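*Asks:* So you can see what is in the structure, the chains are spelled out below.
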Amino acid sequence: MIPSPPPSIAPLTAALRSALPGDSVITDPVRLRTYECDGLTHHRAVPAVVVLPETAEQVARVVRLCNEHGVPFVARGSGTGLSGGALPREDGVLIVTSKMRRILEIDLPDRRAVVEPGVTNLAVTEAVRDRGHYYAPDPSSQQVCSIGGNVAENSGGAHCLKYGFTVNHVEACEIVTPDGDLVRLDRMDPGYDLLGAFVGSEGTLGIATKVTVRLSRAPEAVTTVLAAFRSIEEGGRAVSAIIGAGIVPAAIEMMDALAIEAAEAAVACSYPAGAGAVLIVELDGPATEVEAQFARLRELCSGAFELRVAADAAERAAVWKGRRSAFAAVGRISPAYIVQDGVVPRTSLPRVLAAIDRLSAEHGIRVANVFHAGDGNLHPLVLFDDAEPGAGERAEVVSGAILDLCVEHGGSITGEHGVGVDKARYMPKMFTGDDLDTMQLVRCAFDPRGLSNPGKVFPTPRLCGEVPGVRKGVHPLVESGKAEQF
Amino acid sequence: MPRELLEKTGVTLRDAVADDAVAGVSPRWVALPETVEEVSAVLRACAEGDLALTPAGGGTKLHWGAPPERCDVLLDLCCLNEVLEHAAGDLVVRVQAGVTMGALAGALAAEGQELALDAPPEATVGGTLATAACGPRAFRYGAPRDLLIGVTVVLADGTVARSGGKVVKNVAGYDLGKLFTGSYGTLGVIAEAAFRLHPLPPARRWLVVADAARPRELAAALAASQAEPSAVELDRPGPGAPATMAALVEGTAAEERARVLRDAVGTGEVSPEPPAWWDAPPYEEVLVEARFVPSALDGVLAAADAHALRLRGSPVSGRLRLSPAGEISEERLAAAVAALRERAHAVIVLAAPYEGVDRWGPVGALPLMRRVKQQFDPGRRMSPGRFAGGI
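Residue numbers (the numbering used here), protein chains in the order written: chain A, 394 to 879; chain B, 31 to 421.
Chain B on its own, in the form it takes in the complex (with noise of 0.2 Å):
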């Protein structure tokens, strides 16, 4: 019996409820695993009963990709939430994959460090990593897998695998901990992680221009700076509303900087607090994701329009949020979607409760990702049918 073999390992096990599913498919269990040897002890205990198995953190963006094919346990890292080792004199922090984002940024704050990705508190590490959520500052500092420099991973038969470790430069052997950064549990799990971290700026401030009439000349300009912003950010509530553009600098002399970058575009205020919508939660219930070359914006923002679309995120990096101002039929997304496709590098569905809705569009190196997926989940029981392809 499969919840038997789950008891056997001695984890934390409850009945699932409304409230554990993932993306629509709710699971039948709950297990809550304390150490990584517990996870491996799960793992191998669904391999034996061949149960699905998708593993969650915060749960802030468990509605994101496809709806699991199939989903026997929920794997709650919760319990998996400790700072092993904050190395502050080099720079490097361990961590288990449950740690909320808000706790670690509050344990290496009072080292006078940070972890310089973008996340909501609750968030948990092993969550960003999943999903390779980014927030502003990937502009400056990068994406979660430019930051992480070590990965322990527990893969569908209960192998416990490292790689890269705890220093920053560092090329021996390959780096799973890319491979499985934005890989929605598809490979395994997401175990512990070890990151580059940055000293705490002593000063930030924003630059902010209200009515960004012509956002990309203006984005261009900013990102251009030698004033260095570490983000630039466009926010435009609705259609045919005023853009909103906000640039961050941190750093010694930011408030000198901030006026420099001002004088150089020209317009907008300075001031010592984000705007009320820098690095809002992504909590839509539906929420698209267009990636694309910063000159492809005027075509991206005009297509958002034309579909009624709200939109936020970065012009520079080229990665807008979009999501619709009310209600939305698939029809209606379907077209959206379409429309950006055209105009976008890629464009993701991160979240929509459509099933017919094609989430993810072109995959350039599917049967290469797919045979990726077939030498780490053959028997296809980690997170199936979330990802790209179907992985």
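This is chain A alone, in the form it adopts within the complex (with noise of 0.2 Å):
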């Protein structure tokens, strides 16, 4: 049975139908229920309304209406997002962006794209790429995954050890406001910073409307290669010889024998037999510099037992099929699994992999190691049969314990699936009360009612206006007579 949303919702329901164009409302039950989960799907709620606005307008009204009946909503682009960050409220209204996929302007002498937030990361760089252009930021997702969502999570992706993440590439934003009001964030006006601050809040801040992005210069040359190890020790101390001789990669990705196992039998990838570990390194940049840089890699990545450096695009390819796969890839070998993302220092790397195999055997849960080694950013894929009793709950103890493992080493609960429902409850492990509370302060200067994704990142928020320390109401002695106040 569906439940049908409660009554108190009818009149804003009511409301947004006379305010938008008739099919951008959505209240039927069975449509409703395929938004009730994003990426991370053991986290549903069925929303109480869906709306399609066309335009920033649209948002607009929405977000005023909601205010005006005190009801909470939440933003969601393609539902790509792995942290429950776009997990519908029950009570509320969930703003999907699918209806605002223009791309709205390309200044390629200023390098930059105006876009709406629907549009997908990659059709970015494909409107620009015959131009020798590229949008940087490139999450596994990127084929489906939207850049107001690349927004609200500040994405990451496999190159951004050398080229950063999305908010070092976003140079404006239109959002509208947890009150309603459209406003213009850009990284050129005076004042605060509130662009920086904006990215990466998770929709908790408003919601994007517009995006004003840079295009990067595509490089001249770009080398792919495969390196492959006997362990991941040894996997390990090649990432190391490789930043200590001041090689900054576009990227660098290891994966263990377990996560190539899943990859062998999902894609075929032909990594090479035996490996306990692959590296894949890629520079790039201007030929001359790659050709020295690469000449070094081979020196340094001399304890491989084979290397293969991909000639063209199609061999490129070939070499991240594996990598770009791994995370679906496990379905192969595991019935179900959770994603998990968690940094570490890179010097810890090898602790930190040891303590989860620890874990692994400890709990009898199979682990599967993907990483982005360059920047310490663990995606420990965790496998457990959901048939088996009590299995779900050993793979969930391993997950967290590999968080608490990232908060020991002094790294971090998320390097970029965000912390969405999923984490709110780890952000006391990594930061104290104060640092919470503090944090606060921009959410209620951003969204006093706290209607804006409410429930997201922060375990129990205090309420606004709240003042920690100061009492509210009459003081006891006060009360009881034994005192007075002036």
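No lab work stands behind these hints: they were computed from the structure. Here the structure is a predicted model, which is why all the values come from computation and not from measurement. Built from N, CA and C at the ideal position, the CB exists for glycine as well. Any given hint might turn out to be false.
Short, incomplete list of chain B residues facing chain A, as computed with Cβ under 8 Å [to be verified]:
#1 Arg175
#2 Arg192
#3 Ser193
With beta-carbon atoms standing in for the labels, derived distance ranges [unchecked claim]:
#4 B:Ala254 with A:Asp705: 23 to 31 Å
#5 B:Glu67 with A:Arg689: 43 to 51 Å
#6 B:Gly270 with A:Arg522: 38 to 46 Å
#7 B:Ala251 with A:Arg751: 52 to 60 Å
#8 B:Arg244 with A:Ala658: 54 to 62 Å
#9 B:Ala243 with A:Asp500: 20 to 28 Å
#10 A:Thr448 with B:Glu372: 24 to 32 Å
#11 A:Arg495 with B:Ala336: 53 to 61 Å
Selected chain B positions facing chain A (Cβ under 10 Å, derived; list incomplete) [unchecked claim]:
#12 Glu112
#13 Val113
#14 His116
#15 Ala117
#16 Gly119
#17 Gln143
#18 Thr211
#19 Ser213
#20 Ala250
#21 Ala326
#22 Ala374
#23 Met399
#24 Phe417
Given two chains presented individually in distinct reference frames, assemble the corresponding complex, making use of the accompanying hints.
*Replies:* Laid out in structure tokens, this is it:
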């Protein structure tokens, strides 16, 4: 049985219907159900209403109506997020940007493009590729994920080791504030860097309705190397050697034996047989520089038992194929799995991986390791059989313990997937109450009523206006007549 | 008594002298904390006595921004000068805010690394962040906010808060570092910072084009080159004077790449040394920053010419700093700024000894900024009035 929406939402629904074109408001329970989760499928909630606005003005109108009715709202792009950041509220409105997918402007002389939030990440690159440019952030879901979602999550990707994250490539955003105002945040504007605070705020500070992204010049040369090692330790040593030699590759990715096994089963990527770990290193830049760095790289990877160099774009794609398919591929070797995302200082990788091994053995749960080795961003895939009683719980324990390891080693509970609803409870492990209260000040400035994607990022935020350490109401001594206040 | 409140903290305190003035406003006392806890203690004392405070680092940009509405205490962070952790293998450094950029560069160079921010060596980490000051290589490496990965701040009520961390890739929680970068001390005190580092490039070469006739086209060609210059800078020492453009190439094969660059634009000399004006410290008493998209360069140059301004900066990042050749009256400065504002996206008067000039121009999201200020510093004690919109 699909529960009918709470009656309190009915007046808002009526108002939405008169404010938006007829087919933009969804209340049909069957259609609502298609929006019940994002890429993190074990958190589900059917939204009370879904709206599909076509313009920024319509988004603003929806948000203003939500304010009038005191109803929370959640924004959603393509729904590929892996932390439940776009998990709907059963008592709220889900604002889906999938109809806002126009590329509004491409300005190559100034190397920027203005796009609507529903435009996919890859569509930006495709629009300018033939003119020698591209959009640098490349999350592995780039074929489908939206720019608006990338802005909300400050998405990274394999190449952010050299080129940085979404926040480093966004020049301006037009946003609808949680009050329903249309405001432009621009890197060039004087004043506080509200754009920097907005990008990565996971929809809690408003909704991006136009995004001005920076376009990058395509590098002259790209060299992609696949190095196979007998063990993960040897692979790790090569990574340290590369960084130690002062080389900043565009990407350094590593997969362990179990992840390779899964990728072979899924996409037959033909990585060297018997590898305990493979390393994918991509160098890019001016041809002379790439050439010199490649010569050095060969020496630094002398521990590899096989080294393949992709000769052209097709071979490069073949090298990346196994890595790009890794998350989905583990479905071939395990009925169920959890994709984890944590970060450790790169030099702690060997110790952390050893500790993950111990956790895995202790709980009888296999863990496949895929990671952005250059920046210490781990994506352990925690495998379990959901038909086996208790296995899911054990996998959860292992997955959570991996985050504890990340925090213990001075890292982070998320490198690119975001906190969302999934990791809000881990935030106090990484931050003190004062840290979280201070972040909450930003929230209160943007969203004093707490209507914009509530319940995400922060565990039990304090109410805006509530000052820590300052009592509200009458002091007990005053009340009992033992003291007076002036 | 306010002084007693401050003395009670145990933090070193002295009476202010003329040199301690903040954009012309003299504080009464100078506090010299040596730890983050001491910073917090001073701020709590200020909260108790409703004392206004301005944080200061090396003092290289203390004349930037509007004069504070009130300033009782200058918080001199010079004693917070420890490099806390240099994790060379992780390309990360954690420092206290009072560390000078010169001292930091020295420490990092010992391990073959650098913080790729161009700043005067006597400027501090905290001051560079608080003003978000960019140098030539921001074109490649980004602004201070792009290299900052973690921050410890002390709020007006003494609360010590952290965001980010010491790993480059990290999206947990709001990024307070970005909010505080460029906030001119109006939200709180930046006490510690962690940065992403880069390996020191094995070589550097400059392609110098004297008498750059068509600067916009030349800059565009340099920026688009796959030889990947780290910086492209323009210098015009006076109105009507010939402009010089220089592009920096860093890394492996720098010499060859600089020659590729020269061949691509068909002019210039390759040099192992920068031109004398490269990255000169911005100490002018009157200094204006224009921010614009690169295609707007011609208009900005014409406005600068018409108002007799010298200029220097990055035509490819769209950021030029302009200053008068000699004395300039308040009226003439206001006219020059108005003309520039017609051509550039934003024009900020970084420094000027005049009360009347509109330093910031239109500020897009001002109502939101005021709300942020209200949340962080409801008592308006942190550098009040120094910032955009009178914040």
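*Asks:* Give a verdict on every hint.
*Replies:* Each hint, compared with the structure:
Of the supplied interface hints, the one on Arg175 of chain B holds, with its beta-carbon coming within about 6 Å of a beta-carbon of chain A, less than 8 Å. Because the smallest distance between the Cβ of Arg192 of chain B and any Cβ of chain A comes to about 5 Å, under 8 Å, the interface hint for this residue holds. The restraint placing Ser193 of chain B at the interface with chain A holds, with a minimum CB-CB distance near 7 Å, inside the 8 Å limit. Separation of Ala254 of chain B from Asp705 of chain A is about 24 Å and conforms to the stated range, judged on CB atoms against 23 to 31 Å.
With their beta carbons about 46 Å apart, Glu67 of chain B and Arg689 of chain A fall inside the hinted range of 43 to 51 Å. At roughly 43 Å, the beta carbons of Gly270 of chain B and Arg522 of chain A sit within the given window of 38 to 46 Å. The beta-carbon spacing between Ala251 of chain B and Arg751 of chain A, approximately 57 Å, falls within the hinted interval of 52 to 60 Å. The hinted window of 54 to 62 Å between Arg244 of chain B and Ala658 of chain A holds, with their beta carbons roughly 59 Å apart.
Between Ala243 of chain B and Asp500 of chain A the Cβ separation comes to about 24 Å, which falls inside the hinted range of 20 to 28 Å. Between Thr448 of chain A and Glu372 of chain B the Cβ separation comes to about 30 Å, which falls inside the hinted range of 24 to 32 Å. Here the CB-CB span from Arg495 of chain A to Ala336 of chain B is close to 39 Å, at odds with the stated 53 to 61 Å. Checking Glu112 of chain B against chain A: minimum C-beta separation of about 18 Å lies over 10 Å; hint violated.
The restraint placing Val113 of chain B at the interface with chain A is violated, with a minimum CB-CB distance near 17 Å, outside the 10 Å limit. Interface hint at His116 of chain B: violated, since its Cβ lies 12 Å from the closest Cβ of chain A, which is beyond the 10 Å cut-off. Interface hint status for Ala117 of chain B: upheld, as the beta-carbon distance to the closest one in chain A is roughly 6 Å, under 10 Å. The restraint placing Gly119 of chain B at the interface with chain A holds, with a minimum CB-CB distance near 4 Å, inside the 10 Å limit.
At a threshold of 10 Å, the smallest CB-CB gap from Gln143 of chain B to chain A is about 8 Å, leaving the interface hint in force. Using the Cβ-Cβ criterion of 10 Å, the hint placing Thr211 of chain B at the interface with chain A is satisfied: the shortest such distance is roughly 6 Å. This hint holds: Ser213 of chain B has a C-beta 6 Å from the nearest C-beta of chain A, less than the 10 Å allowed. Here the hint on Ala250 of chain B is kept, as its CB sits about 6 Å from the closest CB of chain A, short of 10 Å.
The beta carbon of Ala326 of chain B is positioned within 10 Å of a beta carbon in chain A (closest approach about 8 Å), and the interface hint is therefore held. With a least beta-carbon distance of about 9 Å to chain A, the hint placing Ala374 of chain B at the interface is held under the 10 Å criterion. Checking Met399 of chain B against chain A: minimum C-beta separation of about 5 Å stays under 10 Å; hint holds. At its closest, the beta carbon of Phe417 of chain B sits 7 Å from a beta carbon of chain A; the interface hint therefore holds under the 10 Å criterion.
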